[in-house]
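Student: This is what each chain is made of:
2 protein chains.
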Amino acid sequence: MAHVNENYLKLPGNYLFATIAKKVEAFSKAHPEANIIRLGIGDVTRPLAPAIIEAMHKAVDEMGKAETFRGYGPEQGYDFLRQAIIDGDYKTRGIDLDIDEVFVGDGAKTDVACIQEIFGSDLKFAVADPVYPVYLDSNVMLGHTGDWNAEKGIYDGVVYLPCTAENGFKAEPPTEDVDIVYLCNPSNPTGTAMSKAELENWVKTAKEKKFIIIYDSAYETYITEPDVPHSIFEIEGAKEVAIELRSYSKCAGFTGTRCSYVVVPKACVGYKADGTAVELNPMWNRRQCTFFNGTPYVIQRAAEAYYSPEGQKQCLADVNYYMENAHIIRDGLVAAGFTVYGATNSPYAWVQTPNGMKSWDFFDLLLEKAHVVTTPGSGFGPHGEGYLRLTAFGTKENTIEAVKRIADLKLFK
Amino acid sequence: MAHVNENYLKLPGNYLFATIAKKVEAFSKAHPEANIIRLGIGDVTRPLAPAIIEAMHKAVDEMGKAETFRGYGPEQGYDFLRQAIIDGDYKTRGIDLDIDEVFVGDGAKTDVACIQEIFGSDLKFAVADPVYPVYLDSNVMLGHTGDWNAEKGIYDGVVYLPCTAENGFKAEPPTEDVDIVYLCNPSNPTGTAMSKAELENWVKTAKEKKFIIIYDSAYETYITEPDVPHSIFEIEGAKEVAIELRSYSKCAGFTGTRCSYVVVPKACVGYKADGTAVELNPMWNRRQCTFFNGTPYVIQRAAEAYYSPEGQKQCLADVNYYMENAHIIRDGLVAAGFTVYGATNSPYAWVQTPNGMKSWDFFDLLLEKAHVVTTPGSGFGPHGEGYLRLTAFGTKENTIEAVKRIADLKLFK
Numbered sequence: 001m002a003h004v005n006e007n008y009l010k011l012p013g014n015y016l017f018a019t020i021a022k023k024v025e026a027f028s029k030a031h032p033e034a035n036i037i038r039l040g041i042g043d044v045t046r047p048l049a050p051a052i053i054e055a056m057h058k059a060v061d062e063m064g065k066a067e068t069f070r071g072y073g074p075e076q077g078y079d080f081l082r083q084a085i086i087d088g089d090y091k092t093r094g095i096d097l098d099i100d101e102v103f104v105g106d107g108a109k110t111d112v113a114c115i116q117e118i119f120g121s122d123l124k125f126a127v128a129d130p131v132y133p134v135y136l137d138s139n140v141m142l143g144h145t146g147d148w149n150a151e152k153g154i155y156d157g158v159v160y161l162p163c164t165a166e167n168g169f170k171a172e173p174p175t176e177d178v179d180i181v182y183l184c185n186p187s188n189p190t191g192t193a194m195s196k197a198e199l200e201n202w203v204k205t206a207k208e209k210k211f212i213i214i215y216d217s218a219y220e221t222y223i224t225e226p227d228v229p230h231s232i233f234e235i236e237g238a239k240e241v242a243i244e245l246r247s248y249s250k251c252a253g254f255t256g257t258r259c260s261y262v263v264v265p266k267a268c269v270g271y272k273a274d275g276t277a278v279e280l281n282p283m284w285n286r287r288q289c290t291f292f293n294g295t296p297y298v299i300q301r302a303a304e305a306y307y308s309p310e311g312q313k314q315c316l317a318d319v320n321y322y323m324e325n326a327h328i329i330r331d332g333l334v335a336a337g338f339t340v341y342g343a344t345n346s347p348y349a350w351v352q353t354p355n356g357m358k359s360w361d362f363f364d365l366l367l368e369k370a371h372v373v374t375t376p377g378s379g380f381g382p383h384g385e386g387y388l389r390l391t392a393f394g395t396k397e398n399t400i401e402a403v404k405r406i407a408d409l410k411l412f413k
Numbered sequence: 001m002a003h004v005n006e007n008y009l010k011l012p013g014n015y016l017f018a019t020i021a022k023k024v025e026a027f028s029k030a031h032p033e034a035n036i037i038r039l040g041i042g043d044v045t046r047p048l049a050p051a052i053i054e055a056m057h058k059a060v061d062e063m064g065k066a067e068t069f070r071g072y073g074p075e076q077g078y079d080f081l082r083q084a085i086i087d088g089d090y091k092t093r094g095i096d097l098d099i100d101e102v103f104v105g106d107g108a109k110t111d112v113a114c115i116q117e118i119f120g121s122d123l124k125f126a127v128a129d130p131v132y133p134v135y136l137d138s139n140v141m142l143g144h145t146g147d148w149n150a151e152k153g154i155y156d157g158v159v160y161l162p163c164t165a166e167n168g169f170k171a172e173p174p175t176e177d178v179d180i181v182y183l184c185n186p187s188n189p190t191g192t193a194m195s196k197a198e199l200e201n202w203v204k205t206a207k208e209k210k211f212i213i214i215y216d217s218a219y220e221t222y223i224t225e226p227d228v229p230h231s232i233f234e235i236e237g238a239k240e241v242a243i244e245l246r247s248y249s250k251c252a253g254f255t256g257t258r259c260s261y262v263v264v265p266k267a268c269v270g271y272k273a274d275g276t277a278v279e280l281n282p283m284w285n286r287r288q289c290t291f292f293n294g295t296p297y298v299i300q301r302a303a304e305a306y307y308s309p310e311g312q313k314q315c316l317a318d319v320n321y322y323m324e325n326a327h328i329i330r331d332g333l334v335a336a337g338f339t340v341y342g343a344t345n346s347p348y349a350w351v352q353t354p355n356g357m358k359s360w361d362f363f364d365l366l367l368e369k370a371h372v373v374t375t376p377g378s379g380f381g382p383h384g385e386g387y388l389r390l391t392a393f394g395t396k397e398n399t400i401e402a403v404k405r406i407a408d409l410k411l412f413k
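Just so you know, the protein sequences line up as chains A and B, in that order.
Going by the UniProt record's numbering, the first sequence opens with residue 1, and the numbers climb by one from there.
Going by the UniProt record's numbering, the second sequence opens with residue 1, and the numbers climb by one from there.
In short, the hints are calculated from the structure, not lab data.
Fair warning: there could be bad hints in the mix.
Which copy? The list can't say, so a pair holds if one copy fits it or any two copies do.
As the list claims (entries may be wrong) - Pairs of lysine-lysine residues, derived as DSS-like cross-links and limited to a Cα-Cα distance of at most 27 Å, are as follows:
hint: 1; residue 1: Lys-358; residue 2: Lys-22
hint: 2; residue 1: Lys-23; residue 2: Lys-266
hint: 3; residue 1: Lys-210; residue 2: Lys-10
hint: 4; residue 1: Lys-313; residue 2: Lys-58
hint: 5; residue 1: Lys-266; residue 2: Lys-10
All chains should be built: construct the whole structure from the sequences, respecting the hints.
Tutor: See below:
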């Protein structure tokens with residue numbers, strides 16, 4: 001008899017963004033005249049850069065001719081892209097990597113959800129709170145948590161690392177024994193970023209306690225402060241205890257184009273139950289070779305073009321465009337009386353709700369009164385309650401208009 | 001402390017195709033003058049069809065303009081492709097599907113390796129023997145088997161369904177209680193295909209015993225005999241007990257382009273430990289929404305173009321080209337004295353080794369004496385011993401030459 005994975009049944013309600021989509025759809029139906037501005041989901045709006053488009057056309061033409069056609073590629077990604085990643089993202093920051101330490105994927109969501117598979121089935125993990133929901137949900141679904149505790153809004157058996165205004169929304173290393181910790185830096189959703197010294201403390205603790213840091217640096221291109229590392233491997237010794245995940249979604253507008261990569265250094269080890277060290281690099285390699293068949297050739301050529309001089313220039317212009325939006329949100333809402341975090345090293349502004357309002361109530365108010373879609377902070381974990389996340393990925397015009405509408409509500413007068 | 005998934009350590013040696021690649025590389029280095037013909041791995045060689053290339057260029061252009069740019073798509077795939085699948089692959093065969101029963105993926109390898117996740121962690125499964133290695137390996141890695149039994153060449157705890165010359169290489173339903181059964185029809189590697197009556201028996205048994213058939217029909221386009229169903233859903237009642245997986249790799253040359261789909265009918269149910277029925281469709285939906293972020297827009301447009309009248313005509317011409325190769329292999333080797341199965345409803349010929357030779361020995365002999373790369377049948381399971389798989393995906397010229405070289409060895413004289 002076919003038994004289902006009952007862990008799925010622990011998941012309460014809908015995926016955060018599905019719930020938002022439903023609410024927006026209902027409002028839109030009831031108010032078809034409303035000009036809704038979406039600063040909720042972190043999806044980009046600028047088209048792909050011309051250098052990337054050109055590379056894709058070229059690759060498509062190659063696929064149409066027998067002499068240049070490509071069938072199955074290496075599951076780990078083509079060397080041309082893996083080398084471009086090493087040269088473009090790591091050598092420039094003084095980090096040496098071997099080509100077989102880099103694994104090209106089809107999106108950081110897939111990578112971050114699946115990386116847990118190389119760890120033990122009785123996996124104990126820690127997450128920042130609030131945090132990007134996939135770290136948690138994917139672990140729930142593979143049975144690495146206890147039940148949903150509706151009263152507390154948490155899962156039993158998970159180590160939550162509170163991120164609050166008091167600690168600058170920066171998770172501190174767990175005191176409990178864990179196998180892995182998910183760290184998103186700069187953080188989604190709070191938009192805050194850890195400094196070099198803070199990351200050094202993380203690496204030091206990970207070495208002492210032998211846990212692995214799953215380091216999601218999807219937003220590294222948005223870092224503007226010199227003291228914030230772009231890669232965890234800028235920290236000495238991090239290769240022994242960290243796996244880094246990157247995405248082209250936010251730095252090159254690939255949300256609908258789908259490419260990512262994972263760096264698993266050869267120095268990085270986990271342990272068998274008997275204490276023997278096991279290299280994680282061949283384990284992830286085996287995982288990818290069995291569960292994945294490579295990212296499309298055309299898409300890998302697109303990602304490669306991101307690293308060309310033209311690609312870099314064009315994509316950086318888009319990042320700057322979004323960062324200008326982030327500043328418009330941050331500065332505009334601060335001027336209107338709000339307390340705002342983030343939006344300095346990240347495209348996300350983390351906005352405190354007025355007068356202790358609940359996240360979903362403020363979400364509803366902004367949708368109904370300002371026709372602006374946001375993301376309720378409580379959707380990212382219990383310590384997100386009392387905040388909203390606003391994203392800078394809209395057009396400049398819409399961003400200005402949305403901020404004006406929110407300011408015009410005069411919630412602090 | 002980070003504990004690793006020790007199930008990975010159960011896997012003996014290398015992935016089959018990696019081992020072959022190493023042997024070929026070593027031979028090639030030692031004999032740089034040898035003109036090696038590869039009929040081993042099932043990778044296509046014909047370029048993408050012009051209709052598909054045209055659709056990809058158009059989609060790339062859309063991604064380069066703000067008005068037509070696409071960010072995150074639905075995790076389940078765009079409706080334009082899901083509808084094209086229903087109209088092109090199912091309505092034409094009298095099968096009705098709802099659009100949300102179809103899930104677009106990035107390749108059947110990913111889909112088939114991950115589908116197990118919606119079933120219980122104490123999953124018991126059956127596979128044909130011999131069979132495509134991913135069904136088995138992926139389950140080993142997620143802990144659904146016992147240890148590797150080197151003596152027998154099997155994993156403890158797995159139900160193997162022997163496919164032999166005696167039963168026409170057609171797996172018969174398991175007598176043991178299992179949760180799921182992987183069925184590949186037409187079969188990879190034997191190239192044989194089950195008839196409608198045989199599949200009816202499978203569906204009937206699955207209903208009686210409440211197991212789910214994971215039906216991999218990656219090779220359905222190669223079916224030539226009228227009595228072989230193209231979809232399991234041609235069998236009455238199959239929607240209650242079957243999940244079907246399809247790929248564009250072999251019907252449209254997408255091995256390097258990556259697109260697939262899974263059909264999970266709403267009628268298909270599994271069971272909780274207490275016996276309550278649970279629909280599998282929302283479970284796979286939840287799995288995809290959390291672990292996946294959709295197939296690239298450009299690739300989905302490419303797959304859509306496969307269903308256009310021009311796309312169908314062009315792709316069918318390629319399928320016919322490969323099938324001509326299959327017949328060249330089958331007829332040529334039969335004429336040379338070999339016993340050959342398959343190659344009628346599939347691009348694979350399943351060739352008995354001469355004089356009871358072991359698979360790997362015959363593989364080595366053909367590599368060394370004929371400079372032809374094949375796949376040893378024993379790599380697909382213990383009942384594959386004594387056979388080789390030859391694929392029809394080369395060029396016609398190379399296929400003719402390879403068959404001539406093998407015949408010239410005069411192994412039966």
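Student: The structure should be examined with respect to each hint, and the outcome stated for every one.
Tutor: Verification of the hints:
1. Lys-358 with Lys-22: within (19 Å within a copy, 60 Å between copies)
2. Lys-23 with Lys-266: Intra 46 Å, inter 25 Å, cutoff 27 Å: inter-copy only.
3. Lys-210 with Lys-10: Between copies, since 24 Å is at most 27 Å while 29 Å is not.
4. Lys-313 with Lys-58: Both, since 20 Å and 25 Å are each at most 27 Å.
5. Lys-266 with Lys-10: between (36 Å within a copy, 21 Å between copies)
This entry satisfies every hint, going by the numbered hints stated previously.
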